[in-house]
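Just so you know, the sequences run in chain order G and B.
Per the numbering used here, the first sequence starts with residue 1, numbered consecutively.
Per the numbering used here, the second sequence starts with residue 1, numbered consecutively.
To be clear, the hints were calculated from the coordinates, so they are not data collected in a lab.
Treat each hint with caution, since some may be false.
Stated by the list, open to error - Under the rule of at most 25 Å between Cα atoms (straight-line distance), these lysine-lysine pairs were calculated in the BS3-like manner:
{"id": "1", "chain 1": "G", "residue 1": "Lys188", "chain 2": "G", "residue 2": "Lys51"}
{"id": "2", "chain 1": "G", "residue 1": "Lys76", "chain 2": "G", "residue 2": "Lys51"}
{"id": "3", "chain 1": "G", "residue 1": "Lys188", "chain 2": "B", "residue 2": "Lys77"}
{"id": "4", "chain 1": "B", "residue 1": "Lys77", "chain 2": "G", "residue 2": "Lys51"}
{"id": "5", "chain 1": "G", "residue 1": "Lys51", "chain 2": "G", "residue 2": "Lys37"}
{"id": "6", "chain 1": "B", "residue 1": "Lys77", "chain 2": "B", "residue 2": "Lys108"}
Chain by chain, the residues run as shown.
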Amino acid sequence: MSPVEAGLYLAYAVMVLLPLLPGLLELRVAADDDPLKIDASYARDPRFLGKSMRAKVEPILDAAVGEARVPFLNRKDEFARVTDGLASPDREQLSEIVLSRGAFRVGDHSEMLDVYARGEIELGAYARLRTLAGDRDARIGSHAHVVRWIDVGGNCEIGGASELGQSVSASGRLEVGPGVHFNRLFGKPIAVVSSARAELRALELGPLIVRTATARRLVKKLVVDAGADLEGDVIAADEVEVGAGAIVRGSIKAGGSVTLREGACVCGNIVARDTVTLERDATVLGHIFGDGDVVLHGGALVGDRHAPKTIHASRNATIAAEACIFGWLIAERGGTTAAAVTPHEDARTP
Amino acid sequence: MVVALNAWLTLVVLLMSIYTVRHWIFTFSRVYGKQRMSFSDAYEEHPPSVTVLVPMHNEALVAQACLDALLASEYPKDCLDVIAIDDQSTDATNEILLAYAERHPHVKVLTMHGPERGKANALNVALESVESEFVLVFDADYTPGRGLVRTLINAFVDPEIGAVMGRVVPRNTNRSMLTRLLSMERAGGYQVDQQARYNFNLLPQYGGTVGGFRRRMLAELGGFDQHALAEDTELTAKIFQHGWKIVYDNRAECYEEVPETWESRFKQLRRWSRGHNRVLWSHLWGLVTAPVLTLPQRIDAGLLMLCYAVPPILLSGWAAALVLFLLGRLPYAGGVTLAFCVVLYNAFGNFAPVYQVATAEVLDGSTTRLFLLPYLFYMFPFNSWAITTGFIDAVGDIAKSRRGRWDKTARVGNAPPT
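Using the sequences and the hints, build the whole thing.
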């Protein structure tokens, strides 16, 4: 073997082994050998944000004596004001985080950061806040602007034309006015303006919930005739339309859109690759997962008082006045409440 | 002969190119594409009844951690039954299980007797006593988190879904070079491969553990083939042929224990390959001609079924290339063919190609472990040999109509990370 050949072989060996060198260092002194972190304690909860905040502020509230100004967690620029209760006039600007053992009331055009109150909460119109957590009922005036989220331990009422940030959750009733923009809402029920008619229907229909149907039909496209009664799950390659007053005792999966005409009822879930529309007084007792928009007309009902469910819209959600949802409403690209579904929104439905 | 060898080599290169492109597409989809989520947002205060089956054979080292994790689940206890199946253990497994059953009324023990042994048979026997519609299966070395049962069950919101599969995460990564490399392979396989197949509405696979199915569907499909060595792959094939779908939920993560010795890993791969290739024989044609599947799904079905046949095919391609090289009859330019083979060898690497593994590790937030990527190239011959051995076993099984024996992976008993 000539020296040139030997050199070439050596160069080849070095090139083959070179990529292994950094790994050799990592094997010798392991810097990144821990298993992927899984949070084993994690369990999905629509009220997670509020519960998490409570767990952090309760010790601060318990430790502070009377009225006090204390450091807030590890935030350098922000302090918390601990109080037994707070009532402020209009146009108040609270530059500190408020932790109240009692009620919290502010007038119109007030601005605040984070607020936690063990008592009742009342905010006037045009309130601007970052975070709000309360253990009892809360009433928020119209045109409110929430930067992050709200979580309430009782009932919550929010005036119209408000911007609701990432999430609003209430352990009780969540009533929102028209013209409200939201991303996630949770309540039992979520009512737009008034939902008495739909709630009354929930009492009658609740027992019809179907968990697993015994039959399954695979179809291309399905139109259920008005007033028909269909038993079993439906798997459709294209759209599904349930006629006025018809009832489907099972779940629906559609490759296209799903439309429930006036007074129609689905006792199971709806999963659609496109828009899901519930016309006036239509009912879905299970979950709704739509890859497109979800549109609920007046009097539409989703879920049941004893079995709250989820509406998940991968795009937008439009909820008209008098619609009622027991459970969780998630609109990935934002949702709106409306006095009525406009022709523009209806045009998006087939 | 030269013509035949040339044709074979061209076919092998073509097949490898198809796999390479497939995995490029998967990787790009995972990085730039829209990620299809499962149904983990489904909120249920009164979820449906679920039975969790945990088949065990000589699992005394890990049984306790698995049952403790299941008992810590936030799923309502009145809706959750756990059936621990002792499949003829000869160690202390049975005593451990009975002690749990005594303390916890919703834990039941099924002790298997008789000549039949193996996971598929154990599951079939246990399913006879199951009443709930939804069934989850965990291997004994798995430690599910508090919310995992609910996350998996949420998939059945969709009436088209017959089975659900979660993500497997090794917990003993820091034990040796082998466990670290296996951890990377797993990341590539789940974080990118399974998620991408789910994104494209192709065929995500039911993996037999950290997953579940509808009991009614399994009954329709005739239960598990009790002689199958890869009962999960067999079920996957049957599910898609009969118009059901599988959900892959990347957020349903669960720790497992990966083999810590090369011998144990070799046995595991050999068993997987043997079982998978038997399913290839019995289900490939049915899948690629299934009228309920779309064309992309049929293509993916073929590639999925063939994946454990690729190493022997690739080895035969190399042999053909070598013979042609020695005869001086390599097609195209000899060096180009060789380089092409090397590139494809590296690209396909360890069933989760290196760029796919690297992407998965970046998505998982890994840092210096990426330096270990080149080691996967050198692990490939080991994997290829183990899989080829399993392939030969499968060919023997099919030719002689023999069943094959269940060869259990040895456990070490590492505690789950806290």
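Going down the list of hints, with the structure as the test:
1. Only pairs whose Cα atoms come within 25 Å are accepted, and Lys188/G paired with Lys51/G is accepted, the gap being roughly 17 Å.
2. With a C-alpha separation of about 23 Å, the suggested pair Lys76/G and Lys51/G falls inside the 25 Å cut-off, and the hint holds.
3. Using a Cα cut-off of 25 Å, the hinted pair Lys188/G and Lys77/B holds, with the two alpha carbons roughly 24 Å apart.
4. Taking the CA atoms of Lys77/B and Lys51/G, the gap is about 23 Å. The hint holds against a cut of 25 Å.
5. Restraint check: the Cα-Cα separation between Lys51/G and Lys37/G comes to about 23 Å, which is no more than 25 Å; the hinted pair holds.
6. Among the hinted pairs, Lys77/B with Lys108/B is consistent with the structure: their alpha-carbon atoms are about 13 Å apart, no more than 25 Å.
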